[in-house]
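Take the given structure of chain A and dock chain B to it, following the hints.
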Amino acid sequence: MTARSEMLIQESKLGLKTLTIKIKRYDPEKNRFRTSIYRMEVSRYDTVLDVLLKIVRTNDHTLSVRYSCRMGICGSCGMTINGKPRLACMTNAISLGEKIEIEPLRNFPPVKDLVVDLEPLFHKHKQVKPWLIRKDFEEQFNPKKEYLQKPEEVDRYRIFSMCIKCGICMAACPTVASNPRFLGPQPLSQAYRWIADSRDEGGLVRLEIVDSQDGVFGCHFAGACSASCPKNVDPALAIQFLRRLVMRR
Amino acid sequence: MEVLKYDLLILGSGLAGLRAAIQAAIVSKEKIRIAVISKLHAMRSHSVAAEGGIAGVLYPEATGDSLDLHAYDTVKGSDFLADQDVVELFVRFAPEELKFLDHLGVPWSRTPDGRIAQRMFGGMSIPRTAYAADKTGFFIMSTLYDNVLRFENIDIYHEHMATSLIMENGYVKGFTVLDLKEGVLKVFLGKASIIATGGAARIYGFTTVSSSVTGDGAAMSYRAGIPLKDMEFMQFHPTGIVPSGILITEAARGEGGYLINRSGERFMSRYAPQRMEVAPRDIVARAIVREIQEGRGFIHEESGLGYVHLDLRHLGEEKINTRLPFIRELSKKLINVDPVHEPIPVRPTAHYTMGGIHADTYGHIMFNSTDYVPNLWGAGEAVATSLHGANRLGSNSLAECVVWGRFTGESAARYAENASSSLLEVSSTVEEIFKREEKRLFDQMFKPELNAEDPYIIRQELWRTMDTYVYVFRDEKGLLEAGRIVRDLKDRFSRVRVDDKSRKYNMNLKEVIELGNMLDIAEVVIVSALARTESRGAHYRTDYPKRDDVNWLKHTLAYYTPEGPRLDYIPVRITRWKPEERKY
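Chains as they are written, first to last, in this note's numbering: chain A, 1 to 249; chain B, 1 to 584.
Careful, some of the hints might be misleading.
To be verified - Cut-off 30 Å, straight-line C-alpha distance, at most; resulting in silico cross-link-like pairs (BS3-like, lysine-lysine): (1) B:Lys-501 <-> A:Lys-22; (2) B:Lys-554 <-> A:Lys-126; (3) B:Lys-181 <-> A:Lys-129; (4) B:Lys-181 <-> A:Lys-30; (5) A:Lys-84 <-> A:Lys-99; (6) A:Lys-17 <-> B:Lys-333; (7) A:Lys-144 <-> B:Lys-181; (8) B:Lys-447 <-> B:Lys-186; (9) B:Lys-333 <-> A:Lys-22; (10) A:Lys-30 <-> B:Lys-186; (11) B:Lys-477 <-> B:Lys-332; (12) A:Lys-145 <-> B:Lys-99; (13) A:Lys-126 <-> B:Lys-186; (14) A:Lys-144 <-> B:Lys-31; (15) A:Lys-126 <-> A:Lys-144; (16) A:Lys-30 <-> B:Lys-501; (17) B:Lys-546 <-> B:Lys-186; (18) B:Lys-181 <-> A:Lys-24; (19) A:Lys-84 <-> B:Lys-181; (20) B:Lys-435 <-> B:Lys-5; (21) B:Lys-583 <-> B:Lys-546; (22) B:Lys-332 <-> B:Lys-319; (23) B:Lys-186 <-> B:Lys-439; (24) B:Lys-435 <-> A:Lys-30; (25) A:Lys-126 <-> A:Lys-54; (26) A:Lys-54 <-> B:Lys-181; (27) A:Lys-129 <-> A:Lys-145; (28) B:Lys-501 <-> B:Lys-186; (29) B:Lys-439 <-> A:Lys-30; (30) B:Lys-99 <-> B:Lys-31; (31) B:Lys-583 <-> A:Lys-84; (32) A:Lys-24 <-> B:Lys-546; (33) B:Lys-447 <-> B:Lys-501; (34) B:Lys-546 <-> B:Lys-477; (35) A:Lys-99 <-> A:Lys-24; (36) B:Lys-447 <-> A:Lys-54; (37) A:Lys-129 <-> A:Lys-150; (38) B:Lys-554 <-> B:Lys-583.
To be clear, the hints were calculated from the coordinates, so they are not data collected in a lab.
Isolated chain A, as found in the complex:
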């Protein structure tokens, strides 16, 4: 069978279930939110992103959604789905029930529709110096051989290195919501990721940065960051480790 006839079969199959999709979208020209409601036929494999892109394609070309890889690794499509911050591309649509409510990610300024401005996150991320700090500058940029690192040493920072900078933990964090200066779960977990790397020598520099009320001591341990992280980074755990290191310093 050629791919063409296969595609035709694909199109002739009807969606398996009709869902109501309610989207709270930001209109930058009028500086206000409005709600659009769509009825969509959805198959059992469709993710929320698939459904949104189908709306864009067949129903409303003016809807803006930030998306790219559709496989949960680029971090583009964070949004609030039925009240929770999630990646649209990793959220099965039918499993959410008959009605899906979608809003932009919270705790970030809206840009348009479901697209928010993540610059505040990128700025805070940079503040913790998220790179390998070494004294052997010459060797670092002109390597002779690799820095050895045992598998168990990789294990110490591996889960924290999974961060895709999607902003979901920041959107879930009640402290970020009330204190915009609070560094927040994403930068703090990344500060720990680099400190915990056996190749790194910048631990003290970073502990200095996070030792404040807007750093590790701003966290109230609601745990919403770890509960919502799509990559299981566990920022709350990283913040606890950081606090311990700060206290011992």
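This is chain B only, laid out in the frame that chain A set:
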């Protein structure tokens, strides 16, 4: 007209672009001003989706590996269309780059003694693919992005999409760039530029790649008079998950996974008895499509797509969890299949653009076989240095990105250090091109018109055409039909409409610009494929099933003309390995 001036402009923020930025910062001792311009957030380029690994000879004494062996594997894998001097340069620098990435902080998977672990990959005769679980691309991207932040002389422009290349007197002045967040067109001028915008596999519907992989850099270079090389060679990855096309890494087979047909048979024994599932991608992709065509595959209930099974069950839960955790996560989440207990449905999926902007050995971009664009370089999938020839070996592309990121970052920075600042002057050409682009984007597209065309319908039709006629197997009849359809789509595209009339983050406008790029690239792929009356690597013509070295041991160059691509050819550079029959 907002004008931003830099010593060096880097278009694209994948592995190649970010590596180039770092190298340029290092060699200039952080003196020159560098802009990284990305139509995405710069950490979200498609490189993040690379799973399996990055090739390089790291421990020759321990493994019996050698640079010569890596080079030979690559040349043979390319079906002898690779330029062999390029291959030799590549294998020499790849190990350096692996160590460099280690020094920036990549969390490699390690051997018990702390060295970088390496796994088996298709067409490689020895395990020489370094990896970080099955998220190698993500980890390298994340590490490079974070390390770019340490250099104060690099400015990152997130969500800035280049729309055209400004050429004057044979030099590149810079680019017109649409700031997506603000919806404003800007001009970026640079003394030197690097194009690292990635491939074009989004001209297909069934594909592994991100929605962003629309060949923008290649399309704008092509329209500015720079030829595209070897575009008929589009790689189909054998194992795309059905029904989405999302990648199941070759590492799944490298780690010992089987391909199984409907009768439970490991059918690769018929096609590559020595290498079985770790034969090169073109061979495995054809084998799978043959199995499906001859009725030995399965038919997917919802989508109607034919497929075969990728069986990992015998690897056991522990190995799957440590070596292939992302594959398990994706299968479970997207199709509710746990590979520990069930096989994964797969079929070949458009994956990698072996062709690209015509560049020389070091990534210097060329107008033809002899003349250079003096201040323009290119790296990664966007360009064809002729490393991969007719078929790329898995895990060579990540290495390619960092090796040529390094070369071009260094060359372009050296050039910019000594270049005349007259390159940064706002000339009449700059003003004209800016005005033309503003008119094209904001006036013509927004203008309501009778019989205006819907871009999403055109895109669906393009995808259907490419998936059907320009897939793993091609023939003259299908390619002629595809060419006819795409020309018609281009005509319809000239009357396309943008429904969204707002400026800020106008996704509709962005996708229309991308569609224009995809249509140009698709036409080049089709015309180049129609002309090449032989089968070589990923380009398989059922009407010309044999490789024809007498007539076709040469590279295709496609030049833009208003009537469609004009083709020319240049020889393959052969140094040490004479073409031989390819057996696995």
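Results of checking the hints against the structure:
1. Restraint check: the Cα-Cα separation between Lys-501 of chain B and Lys-22 of chain A comes to about 22 Å, which is no more than 30 Å; the hinted pair holds.
2. Taking the CA atoms of Lys-554 of chain B and Lys-126 of chain A, the gap is near 48 Å; set against the 30 Å cutoff, the hint is violated.
3. The hinted pair formed by Lys-181 of chain B and Lys-129 of chain A meets the criterion: a straight-line CA distance of about 26 Å does not exceed 30 Å.
4. About 16 Å separates the Cα atoms of Lys-181 of chain B and Lys-30 of chain A, which keeps this hinted pair within 30 Å; it holds.
5. For the hint linking Lys-84 of chain A to Lys-99 of chain A, the alpha-carbon distance of about 14 Å falls within 30 Å, and the restraint holds.
6. Only pairs whose Cα atoms come within 30 Å are accepted, and Lys-17 of chain A paired with Lys-333 of chain B is accepted, the gap being roughly 19 Å.
7. The straight-line distance between the Cα atoms of Lys-144 of chain A and Lys-181 of chain B is roughly 43 Å, outside the 30 Å bound, and the hint therefore fails.
8. The hinted pair formed by Lys-447 of chain B and Lys-186 of chain B meets the criterion: a straight-line CA distance of about 21 Å does not exceed 30 Å.
9. Of the supplied pair hints, the one linking Lys-333 of chain B and Lys-22 of chain A holds, its CA atoms being roughly 23 Å apart against a limit of 30 Å.
10. Restraint check: the Cα-Cα separation between Lys-30 of chain A and Lys-186 of chain B comes to about 24 Å, which is no more than 30 Å; the hinted pair holds.
11. Between the alpha carbons of Lys-477 of chain B and Lys-332 of chain B the distance comes to roughly 40 Å, so the proposed pair goes past 30 Å and is violated.
12. Only pairs whose Cα atoms come within 30 Å are accepted, and Lys-145 of chain A paired with Lys-99 of chain B is accepted, the gap being roughly 6 Å.
13. Annotation: proposed proximity of Lys-126 of chain A to Lys-186 of chain B holds, straight-line Cα distance about 26 Å (limit 30 Å).
14. Using a Cα cut-off of 30 Å, the hinted pair Lys-144 of chain A and Lys-31 of chain B holds, with the two alpha carbons roughly 25 Å apart.
15. Between the alpha carbons of Lys-126 of chain A and Lys-144 of chain A the distance comes to roughly 28 Å, so the proposed pair stays at or under 30 Å and holds.
16. A distance of roughly 13 Å separates the Cα atoms of Lys-30 of chain A and Lys-501 of chain B; the hinted pair therefore holds under the 30 Å criterion.
17. The hinted pair formed by Lys-546 of chain B and Lys-186 of chain B fails the criterion: a straight-line CA distance of about 50 Å is larger than 30 Å.
18. Between the alpha carbons of Lys-181 of chain B and Lys-24 of chain A the distance comes to roughly 19 Å, so the proposed pair stays at or under 30 Å and holds.
19. Between the alpha carbons of Lys-84 of chain A and Lys-181 of chain B the distance comes to roughly 25 Å, so the proposed pair stays at or under 30 Å and holds.
20. Restraint check: the Cα-Cα separation between Lys-435 of chain B and Lys-5 of chain B comes to about 18 Å, which is no more than 30 Å; the hinted pair holds.
21. For the hint linking Lys-583 of chain B to Lys-546 of chain B, the alpha-carbon distance of about 14 Å falls within 30 Å, and the restraint holds.
22. With a C-alpha separation of about 17 Å, the suggested pair Lys-332 of chain B and Lys-319 of chain B falls inside the 30 Å cut-off, and the hint holds.
23. For the suggested pair Lys-186 of chain B and Lys-439 of chain B, the alpha carbons sit about 13 Å apart, so the restraint of at most 30 Å is met.
24. Pair hint Lys-435 of chain B plus Lys-30 of chain A holds up; C-alpha atoms about 28 Å apart against a cutoff of 30 Å.
25. Restraint check for Lys-126 of chain A and Lys-54 of chain A: the C-alpha separation of about 36 Å exceeds 30 Å, so the hint is violated.
26. At most 30 Å may separate the alpha-carbon atoms for a hinted pair to count; Lys-54 of chain A and Lys-181 of chain B meet this at roughly 23 Å.
27. Among the hinted pairs, Lys-129 of chain A with Lys-145 of chain A is consistent with the structure: their alpha-carbon atoms are about 24 Å apart, no more than 30 Å.
28. The hinted pair formed by Lys-501 of chain B and Lys-186 of chain B meets the criterion: a straight-line CA distance of about 19 Å does not exceed 30 Å.
29. Between Lys-439 of chain B and Lys-30 of chain A, the direct Cα distance comes to roughly 25 Å. Compliance with the 30 Å bound is thereby established for this hinted pair.
30. Annotation: proposed proximity of Lys-99 of chain B to Lys-31 of chain B holds, straight-line Cα distance about 25 Å (limit 30 Å).
31. Taken as a hint, the Lys-583 of chain B and Lys-84 of chain A pair is broken in the structure, with Cα atoms around 54 Å apart against an allowance of 30 Å.
32. Distance restraint check for Lys-24 of chain A and Lys-546 of chain B: the Cα-Cα separation of roughly 57 Å exceeds the 30 Å cut-off, and the hinted pair is therefore not satisfied.
33. Restraint check: the Cα-Cα separation between Lys-447 of chain B and Lys-501 of chain B comes to about 9 Å, which is no more than 30 Å; the hinted pair holds.
34. Between Lys-546 of chain B and Lys-477 of chain B the CA atoms are separated by roughly 18 Å; this keeps the pair inside 30 Å, and the hint holds.
35. Taking the CA atoms of Lys-99 of chain A and Lys-24 of chain A, the gap is about 14 Å. The hint holds against a cut of 30 Å.
36. The suggested pairing of Lys-447 of chain B with Lys-54 of chain A holds, with an alpha-carbon distance near 25 Å, which does not exceed 30 Å.
37. Of the pairs offered as hints, the one joining Lys-129 of chain A and Lys-150 of chain A holds, with about 24 Å between alpha carbons and a cut-off of 30 Å not exceeded.
38. Distance hint between Lys-554 of chain B and Lys-583 of chain B is fulfilled; the C-alpha atoms sit about 21 Å from each other, no more than 30 Å.
Going through the hint list in order, the structure does not satisfy hints 2, 7, 11, 17, 25, 31 and 32.
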